[in-house]
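Enquirer: Construct all of the structure, not just a fragment, from the sequences and the given hints.
Protein sequence lines correspond, in order, to chains E and B.
With the numbering used here applied, the first sequence corresponds to residues 1 to 330, in that order.
With the numbering used here applied, the second sequence corresponds to residues 1001 to 1278, in that order.
Derived from the structure by calculation, the hints contain no laboratory data.
Incorrect hints may have been included.
Stated by the list, open to error - Simulated coverage check for chain E against chain B, where a stretch passes if three residues somewhere in it have a Cβ under 8 Å from a Cβ of chain B:
no. : region
1   : 47 to 53
2   : 72 to 81
3   : 110 to 119
What the hints assert, rightly or not - The following residues of chain E were derived to be distant from chain B, with all beta-carbon distances above 10 Å:
no. : residue
4   : Lys27
5   : Arg94
6   : Thr107
7   : His215
8   : Thr250
9   : Glu281
10  : Ser290
11  : Tyr322
Backbone N, C-alpha and C fix where the C-beta goes; we use that ideal spot for every residue, glycine too.
The residues making up each chain are set out below.
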Amino acid sequence: MPQILVENLSKTYRVSERQPGAWGAVKGLFARRYRIVEALKHVSFSLERGELLGFIGPNGAGKSTTIKILSGILEPLSGRCEIDGLVPWRDRIRHVARLGVVFGQRTQLWWDLPVIDGFNLLRDIYQVPEAEYRRTCDEMVGLMRLERLLDQPVRQLSLGQRMRCEIAAAMLHRPSLLFLDEPTIGLDAPSKLAVREFVKTLNREHGVTVILTTHDMHDIEALAERVIVIGNGVILADKPFERLRSEVFTERRLFADFVGDAPLLDIPEAQIRNRDGNCVELSFDPAVISVPALIERITARYELADVRIEQPQIEEVIARFYDIHGAGEA
Amino acid sequence: MAAGAVPLRSYRAIFAARFMLTLQYRVAALAGVVTQLWWGIIKVMVFAAFYHGASHYQPLTFAQTVAYVWLGQAFLMLMPWWGDPEITEMVRSGNVSYERLRPLDTYFFWYLRGMAWITARIVPRATMMLLFVGWIVPAIGLGKWGLMMPPNRAAATLFVGAILLAVLLSSAILMLINILVVVLVTDRGPSLLASQIVTLLSGILVPLPFFPASMRAVLFFQPFAGLADIPFRIYSGALAGGLAFAGLVQMTIWIGLLIAIGHALLGRVMGRLQVQGG
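Expert: Laid out in structure tokens, this is it:
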């Protein structure tokens, strides 16, 4: 029995529309027009305990709507959803007691309170026993290196510091399930790395099931084995990231540094993408020409100084994928 | 409550946190006291002139009216003029999402917070005001303009009970304003509406006994009377015995009713909540 089971989930929003101009405003007073936006269309997936799922898609694709339904905040139009045997929006109080959620663009800590006071308040709200709380709190503070932040009011923290506190705060009641909605948005590199490291520890060592939405593909690359891509409210792909990559892009890149000026290579199986000074960038399909064969062809005629082979950047993979499916933001 | 037992520890912590946080605004409290003293003096002088010129029977004695005015100034923050600023801010920023992630009944979660906010603003202001008009003003020989003592112990006891009920009532009305703020996604309209109704119907502007006799029964039984009129008249003995008791009963009934209505409304509003973006 999977921990999370989602079947045929649909959700629509009603958005009021106004015709432009003064006359439109007057007309709107009498007859309001609404447009129905389908945020989710028959979304189905399931998740086993201890999995780490990356949930990606362009803005407005339905990621946050899904997270909010799974959190019990929103009620779907139709469909079924069960998490540990509970229906999130119907058994909300029992469900959220064992759930941790971080919305990267919002704050759950009390703006005017020192971090530790906010933590203590959450302890009381979730009714965590004191001994257990001490243990969890110390562990989170250690993992996220929060010792020096605890006495500061939340409003004085930098975004990176705050996000570290937010994620620790979401774990104080030891949830078995963690939803992270764009946790690395706007963070600097060290903070992003700290967040990723922390999520990895929670998932691998504590067995916490994690759903992560993000626009930062490096988050996905570093964390998620399985990825769901969603666009216009429909699931476009649900598979391990490496499979997604190899399906979208068969090509690889070879960067060759030559001793002396870069030659005008003539290899029909590979295309020259770029040539600059003594460096050439080639793109090729390993199914057509293997890496050793390609290098052999080059070294047969020229003297190589250095060679490296790269896969296309993950951002490129995803952008191409959105393109193929026409899922870019409208 | 789905989980069975009421999570008292959670609610106590929520109340305490908001209470302490609100209590920090000492300068605002002090400024409020000065302003309310000033307005109180003006109102007392207006009533003095009124009583001086009026020849026929008045519904309250001058001392009772003065007590009504000073209590009104001391307990001004009991009035639910506006929605809870914390809730308003959350509605604006979309942080309402997080409220739904707490394993608590959202209505009582917010009710306790609102009650803490109301109480923490009353305590320092009322203490300073009552000390000044009930003790210092009579001590310097201006007793006629100060706050009379309750006529007997029964009146004093009933007054304390009535103020406690008034805090519960005010919090219930505050919740209705909050719900309107959530629905409309702005606090402007709800606050404007609330402040007009509360000002008129609580008696804080013109004591309710001074309204035309034909309206008095209706005014006594409407929910806003419990915010000022009933407690203040109990204090001065203008509402005693069976009438005082009737006042407390009507307050209790309204508290229960308004909480039940608010609880049902918030449940429905949250069911179709739309939090977009992010």
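Enquirer: Take a quick look at Lys27/E and tell me if its Cβ sits farther than 10 Å from every Cβ on chain B, holds or violated.
Expert: holds, 21 Å
Enquirer: Verify this label for me: His215/E is non-interface relative to chain B, using a Cβ-Cβ cutoff of 10 Å.
Expert: holds, 12 Å
Enquirer: Taking 10 Å as the cut and beta carbons as the points, is Ser290/E off the interface with chain B?
Expert: holds, 46 Å
Enquirer: Measuring Cβ to Cβ, find out whether Tyr322/E lies farther than 10 Å from everything in chain B.
Expert: At about 20 Å from chain B, Tyr322/E clears the 10 Å cut-off, so the statement holds.
Enquirer: Report holds or violated for chain B covering the region 47 to 53 of chain E, Cβ cut-off 8 Å, minimum 3 residues.
Expert: violated (count 0)
Enquirer: At least three residues with a C-beta closer than 8 Å to a C-beta of chain B: is that true for the region 72 to 81 of chain E?
Expert: holds (count 4)
Enquirer: Does Arg94/E sit more than 10 Å from chain B, CB to CB?
Expert: Label violated. Min Cβ-Cβ 6 Å, cutoff 10 Å.
Enquirer: Could you check that no beta carbon of chain B comes within 10 Å of the beta carbon of Glu281/E?
Expert: holds, 39 Å
Enquirer: Find the nearest Cβ of chain B to the Cβ of Thr107/E and say whether that gap is larger than 10 Å.
Expert: violated, 7 Å
Enquirer: Is the nearest Cβ of chain B still more than 10 Å from the Cβ of Thr250/E?
Expert: holds, 36 Å
Enquirer: Between the region 110 to 119 of chain E and chain B, are there enough contacts, at least three residues with CB-CB distance under 8 Å, for the coverage claim to hold?
Expert: holds (count 4)
Comparing the model with each numbered hint stated earlier shows that hints 1, 5, 6 do not hold.
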